[in-house]
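J.: Per the working numbering, residue 65 is the first one in the sequence shown, and the count goes up by one each step.
There may be inaccurate statements among the hints.
[To be verified] The calculated lysine-lysine pairs, modelled on DSSO-like cross-linking and capped at a C-alpha distance of 30 Å, are: (1) Lys313 to Lys288; (2) Lys185 to Lys213; (3) Lys120 to Lys106; (4) Lys249 to Lys185; (5) Lys177 to Lys106; (6) Lys216 to Lys228; (7) Lys228 to Lys106; (8) Lys228 to Lys177; (9) Lys120 to Lys100; (10) Lys249 to Lys177; (11) Lys213 to Lys106; (12) Lys106 to Lys288; (13) Lys185 to Lys100; (14) Lys213 to Lys177; (15) Lys249 to Lys228; (16) Lys288 to Lys228; (17) Lys288 to Lys249; (18) Lys216 to Lys177; (19) Lys100 to Lys288; (20) Lys106 to Lys313; (21) Lys249 to Lys216; (22) Lys120 to Lys228; (23) Lys216 to Lys185; (24) Lys288 to Lys120; (25) Lys120 to Lys249; (26) Lys213 to Lys100; (27) Lys228 to Lys213.
[Claimed, not checked] Restraint-style ranges between C-beta atoms, simulated for each label pair: (28) Arg160 to Glu134: 20 to 28 Å; (29) Arg95 to Val144: 18 to 26 Å; (30) Lys314 to Asp239: 46 to 54 Å; (31) Asp152 to Gln104: 17 to 25 Å; (32) Ser312 to Asn238: 46 to 54 Å.
Think of the hints as simulated: they come from the structure by calculation, not from any bench. Predicted model, so just to flag it, every value in this text is computed and none were measured. Here a beta-carbon is modelled for each residue, glycine too, at the ideal position from N, C-alpha and C.
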Amino acid sequence: MVPISNELNLEQSIPELSAGGTIKQRYFNYRCRAAKGDWQAKSYQTRDTLEAEPFKSGYIIYNIHHNPVEILRRCATVGVSLYQTHSDRSIVYINRYDWSCHHDYDFEDEIDKLLGIDRSKPDHDFFWESSFHGRIMIIDSNSAMNIIKQWKFDPTELKQPQEKVFIDTRNETNDRVGLHLSIPKTDYDFAWLVFSSDQPDSELIAIVYDGSCTTLSGQIILDKEDVVSLDESELNTQEQARRNADLSKKMRSAARYRHN
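Generate coordinates for the entire structure from the input sequences, incorporating the hints supplied.
T.: Here it is as structure tokens:
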């Protein structure tokens, strides 16, 4: 959301595992180049069974020169891929603890100053802190701080689940500079970053955001049309289970090798 130093354009070695906690994790800082042009956001629905009612479960945010139906189908095939073991190497899976709100992030102090948050005080306003969860914001980097300043003067904009287009208020052109999207009663967030190819210089062309813990399983509906049927979803689930079983087998073999 905010500009990051040029050093993050460089190749990085795999960081060491972080100590403690209930999960294995490594900290990466990186940025990627997004495809230029107009982007659009659409909500998609999920249905677990034919008898169930479809519910809004997430969004696809994509460059309009690409097909959102094809992108959703590809991401549903990837599903949960904790170790990025899927075959479609132009997609990066984002797991539930990979979001910055679960960690310390470099621009936290700057945002705290803009919003007047003093974390040293036990009664500081937790509303602002909670506002970094359960939502996704796609903002042009040079407009991010201006948007945060707007929230300071009108925090009510963050209190209801919504779909909002951000407008640049610094000039009279009213340029659209980003989106704010959220799902009611969000628990964990998941996402899939979709690139134009699997090469290092590829561009980001879409983000699929899951705000309902569906992990793209079940029937997926976009613009009232099936993207993934229940039968196709079952096949995806079976393939993901096979992939995870193969990974577990390899990890057990590696552990035995190290022990010997």
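J.: Please go over all the hints and tell whether each is borne out by the structure.
T.: Hints, one by one, checked against the model:
1. Among the hinted pairs, Lys313 with Lys288 is inconsistent with the structure: their alpha-carbon atoms are about 41 Å apart, more than 30 Å.
2. Distance restraint check for Lys185 and Lys213: the Cα-Cα separation of roughly 22 Å lies within the 30 Å cut-off, and the hinted pair is therefore satisfied.
3. Among the hinted pairs, Lys120 with Lys106 is consistent with the structure: their alpha-carbon atoms are about 10 Å apart, no more than 30 Å.
4. Between Lys249 and Lys185 the alpha-carbon distance is near 28 Å, which keeps this suggested pair within the 30 Å criterion.
5. Using a Cα cut-off of 30 Å, the hinted pair Lys177 and Lys106 is violated, with the two alpha carbons roughly 33 Å apart.
6. Under the criterion of a C-alpha separation no larger than 30 Å, the hint pairing Lys216 with Lys228 is consistent with the structure, at around 16 Å.
7. Taking the CA atoms of Lys228 and Lys106, the gap is about 12 Å. The hint holds against a cut of 30 Å.
8. Proposed proximity of Lys228 and Lys177 is supported: the alpha carbons are some 24 Å apart, at most 30 Å.
9. Between Lys120 and Lys100 the CA atoms are separated by roughly 28 Å; this keeps the pair inside 30 Å, and the hint holds.
10. This hinted pair checks out: Lys249 and Lys177 have alpha carbons roughly 28 Å apart, not beyond 30 Å.
11. For the hint linking Lys213 to Lys106, the alpha-carbon distance of about 27 Å falls within 30 Å, and the restraint holds.
12. Between Lys106 and Lys288 the alpha-carbon distance is near 12 Å, which keeps this suggested pair within the 30 Å criterion.
13. Simply put, Lys185 and Lys100 have alpha-carbon atoms about 43 Å apart, too far for the 30 Å limit, and the pair is violated.
14. Taking the CA atoms of Lys213 and Lys177, the gap is near 10 Å; set against the 30 Å cutoff, the hint holds.
15. Of the pairs offered as hints, the one joining Lys249 and Lys228 holds, with about 18 Å between alpha carbons and a cut-off of 30 Å not exceeded.
16. For the given pair, Lys288 sits about 22 Å from Lys228 by alpha-carbon distance, which is consistent with the 30 Å threshold.
17. A distance of roughly 23 Å separates the Cα atoms of Lys288 and Lys249; the hinted pair therefore holds under the 30 Å criterion.
18. Distance check on the hinted pair: Lys216 and Lys177 sit about 11 Å apart at the alpha-carbon level, within 30 Å; holds.
19. A C-alpha spacing of about 28 Å is found between Lys100 and Lys288, which places the hinted pair at or below 30 Å, so the restraint holds.
20. Between the alpha carbons of Lys106 and Lys313 the distance comes to roughly 39 Å, so the proposed pair goes past 30 Å and is violated.
21. Distance check on the hinted pair: Lys249 and Lys216 sit about 24 Å apart at the alpha-carbon level, within 30 Å; holds.
22. About 16 Å separates the Cα atoms of Lys120 and Lys228, which keeps this hinted pair within 30 Å; it holds.
23. For the hint linking Lys216 to Lys185, the alpha-carbon distance of about 19 Å falls within 30 Å, and the restraint holds.
24. The straight-line distance between the Cα atoms of Lys288 and Lys120 is roughly 12 Å, inside the 30 Å bound, and the hint therefore holds.
25. Using a Cα cut-off of 30 Å, the hinted pair Lys120 and Lys249 holds, with the two alpha carbons roughly 11 Å apart.
26. Between Lys213 and Lys100, the direct Cα distance comes to roughly 26 Å. Compliance with the 30 Å bound is thereby established for this hinted pair.
27. As the CA atoms of Lys228 and Lys213 are separated by approximately 16 Å, the hinted pair is consistent with the 30 Å bound.
28. Between Arg160 and Glu134 the C-beta distance comes to about 25 Å, which sits within the given range of 20 to 28 Å.
29. Checked against the hint of 18 to 26 Å, the C-beta distance between Arg95 and Val144 comes to roughly 24 Å, which is consistent with it.
30. Range check, Lys314 to Asp239: about 49 Å between beta-carbon atoms, so the 46 to 54 Å window is met.
31. As the Cβ distance of Asp152 to Gln104 is approximately 22 Å, the hint placing it in 17 to 25 Å holds.
32. With their beta carbons about 53 Å apart, Ser312 and Asn238 fall inside the hinted range of 46 to 54 Å.
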